[in-house]
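Undergrad: Spelled out from the first residue to the last, the chains are:
Number of protein chains: 2
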Amino acid sequence: MIERKSGDDASVGDDFLTPREGEVTVALPARFDASLYFIGRIRTPWQSSAQCPKNPRESDAVCTVELDSRWVSGLTGLEAVSHVLLLYWMDRTPRDLVLQVPRHYGEQRGTFALRSPARPNPIAVSVARLVRIEGNALYVVGVDCLDNTPLLDIKPYFASTDSIPDAVVGWHARGGS
Amino acid sequence: MIERKSGDDASVGDDFLTPREGEVTVALPARFDASLYFIGRIRTPWQSSAQCPKNPRESDAVCTVELDSRWVSGLTGLEAVSHVLLLYWMDRTPRDLVLQVPRHYGEQRGTFALRSPARPNPIAVSVARLVRIEGNALYVVGVDCLDNTPLLDIKPYFASTDSIPDAVVGWHARGGS
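Note that the protein sequences, when read in sequence, are chains A and B.
Every position in the first sequence, counted from 1, becomes a number in this note's numbering once 287 is added.
Every position in the second sequence, counted from 1, becomes a number in this note's numbering once 287 is added.
The shape of chain A in the complex, shown without the other chains (with noise of 0.2 Å):
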């Protein structure tokens, strides 16, 4: 493990341009196991992260998920379902980070107890409404992430088996926001 220090190749994006006292990295393993097809886009109405939604929640903007036209029948039956899991790739974080100062906690948390962009595999889940189908066009709220992020799947969402209102977030529910 090695201590982040300022203009560390390991930073990028937006965010992570200035790495912050106490941020810490691993060596990266040496061989990926998978790999990924981009199978859209996710259309929003921001360019910058600075211009993103802090969380799914905080905007009622309708955005909309283009889906590459090789997939489009897989989208049969999913108009009778009101929410879906959306997973995209959020690919200008650094994968190397596992202990991380965000700003607005401003205390050191592992980075599997955040829901930074930046983790091993940069995966991001969000639960969007769905608002209608038209074609290859998804039409959503609730979605915080940049303007052309690529889609990597489209699930329905199950309350009984997604859905736990009582869960908890000990440090979350103690302040920070």
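Since the hints were made in silico from the structure, they are not lab data.
Hints should not be assumed to be uniformly reliable.
Pairs involving identical chains hold if they fit within one copy or between any two copies, as the list cannot separate such chains.
Unchecked claim - Computed cross-link-like contacts, SDA-like style, restricted to lysine to any residue with a CA-CA straight-line distance of at most 25 Å:
id : residue 1 : residue 2
1  : K341      : E366
2  : K341      : P452
3  : K341      : S450
4  : K341      : T363
Since the structure of chain A is already known, use the hints to place chain B on it.
TA: Here is chain B on its own, set in the frame of chain A:
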């Protein structure tokens, strides 16, 4: 798009050895767009998909998420979390199926309207209750995957953004289970 026929090479994995009437595949893209690290393994009591619970709420078994030692300090702060999102890789399924006929529904549905492991990017998302953390091991309740499934990510579950208790999957409510 091609209708799947018996003996199609695209079908691998226990559940996909016998493609069903009405299942449809597409040609996969010529190349991949991004790559993943397996960061650990999920240890469960289930050695075949026939043994696996039908969904993550069906079993109270305590399973173990074994994180590779390289990433262990990424768990700092996670002990304050009641539930985690686990992302894992389901590598025994075809990636080119766009229309599927799940045995328990008996009708054709699009891949993105299903939680089937057969999808272009076979990333599963499961909500699990975190029982305790010991070193590099997370003891969790609420996973339904095969023993030794490759782990991709661990995220804290935030009820404020991840829980939608009244979300509806129309065709699911009407029948099938």
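Undergrad: Does each hint fit the structure? Answer for all of them.
TA: Now the hints, each set against the structure:
1. Only between protomers do K341 and E366 lie at most 25 Å apart by alpha-carbon distance; the minimum there is 24 Å, versus 28 Å within a single protomer.
2. In this assembly of identical chains, K341 and P452 lie within 25 Å of each other by CA distance both inside one copy and across copies; the values are 20 Å within and 22 Å between.
3. Both within a single protomer and between protomers do K341 and S450 lie at most 25 Å apart by alpha-carbon distance, with minima of 21 Å and 17 Å respectively.
4. Taking the shortest Cα distances, K341 and T363 sit within 25 Å of each other only across copies (22 Å), while inside one copy they are farther apart (32 Å).
Of the hints listed earlier, there is not a single one the structure fails to meet.
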